[in-house]
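Colleague: One letter stands for each residue in the lines below.
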Amino acid sequence: EVQLVESGGGLVQPGRSLKLSCLASGFTFSNYGMNWIRQAPGKGLEWVASISSSSSYIYYADTVKGRFTISRDNAKNTLYLQMTSLRSEDTALYYCARRRTGIDYWGQGVMVTVSS
Amino acid sequence: DIQMTQSPSLLSASVGDRVTLSCKASQNIYKYLNWYQQKLGEAPKLLIYYTNSLQTGIPSRFSGSGSGTDFTLTISSLQPEDVATYYCYQYNSGDTFGAGTKLELK
Numbered sequence: 271e272v273q274l275v276e277s278g279g280g281l282v283q284p285g286r287s288l289k290l291s292c293l294a295s296g297f298t299f300s301n302y303g304m305n306w307i308r309q310a311p312g313k314g315l316e317w318v319a320s321i322s323s324s325s326s327y328i329y330y331a332d333t334v335k336g337r338f339t340i341s342r343d344n345a346k347n348t349l350y351l352q353m354t355s356l357r358s359e360d361t362a363l364y365y366c367a368r369r370r371t372g373i374d375y376w377g378q379g380v381m382v383t384v385s386s
Numbered sequence: 002d003i004q005m006t007q008s009p010s011l012l013s014a015s016v017g018d019r020v021t022l023s024c025k026a027s028q029n030i031y032k033y034l035n036w037y038q039q040k041l042g043e044a045p046k047l048l049i050y051y052t053n054s055l056q057t058g059i060p061s062r063f064s065g066s067g068s069g070t071d072f073t074l075t076i077s078s079l080q081p082e083d084v085a086t087y088y089c090y091q092y093n094s095g096d097t098f099g100a101g102t103k104l105e106l107k
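Protein sequences, first through last, are from chains A and B.
In terms of this note's numbering, the first sequence has 381 at position 111, counting the first letter as 1, and numbering is strictly consecutive.
In terms of this note's numbering, the second sequence has 61 at position 60, counting the first letter as 1, and numbering is strictly consecutive.
Simulated from the structure, these hints should not be mistaken for laboratory data.
Please note: incorrect hints may appear among the correct ones.
What the hints assert, rightly or not - Reference excerpt, derived from the structure (chain B facing chain A, CB under 10 Å, subset only):
id: 1; residue: S27
id: 2; residue: Q28
id: 3; residue: Y31
id: 4; residue: N35
id: 5; residue: E43
C-beta atoms are modelled at their ideal positions from N, C-alpha and C, and glycine is treated no differently.
Construct the entire structure; sequences and hints are all you get.
Modeller: Here's what the structure looks like:
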C-alpha cells in the first residue's frame, strides 16, 4: 500500500524558514517523480513544486520560485520542501504526492501557518 | 501558462441523477487530464487519469471524456457518498488545477 506521511509543519513568523518532510513507503521511491501541492484554507489546490526520480529535473510555481527548494533522499525514501522568506499567503495545507500519469497518490497533508 | 476553467462552481443534484462536470483548458492539452475527488477534511483522491482511464478501486459510475481543450466528468447515478469537490488537473505543460466544482445533494 502506497503511504506518504508529511511532517514538519507548524506556526512560523513571516520571513522565517521551515522544512517539510514526506516519508514514502509501499513503493520503490527512487523510481518516481514527486510533488508538493498546497491548499490554502477554504481554497483550491495549487501545485508548488516537482522533482524527478533522480533529482535531475526540478520545477517550481512562480509564486514560490527563489524561496522554496524541493529535494529528495532516495536512500531515506524521503521528500523535502525547504521554505524560506515565508509570507502570510504561504499559509496552507501542504500535500506530498507521487507523480505517475500526472499525480496519483497523495499524503494527508501538513499544515503551515505563517503569522506573527 | 495553461489555465483550467471548471463549471459550474456549485452543482446541486439528487440521488440517482446523471451528473456532468465540465473542465476547459486555455490551450490544447491533448488527453493529459486527471480528475480528483476531495471530500471534506480529506486528501484528494484520483478518480480518472489520462482523460478516461478509471483508477483502480473507483466505482464504474464515474467516467471521463474529451480531448484537446474540453473535458467532462460524468457520474452516471449520483450516490450520497459522492458529495465532494471535484478538481480537474492538466499535466501536458506544467501542472495546473481547476478551481473545483462543489457537488451537493439537492
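Colleague: Please write out, lowest number first, the hints stated earlier that are contradicted by the structure.
Modeller: Violated hints: 1, 2 and 3; rest satisfied.
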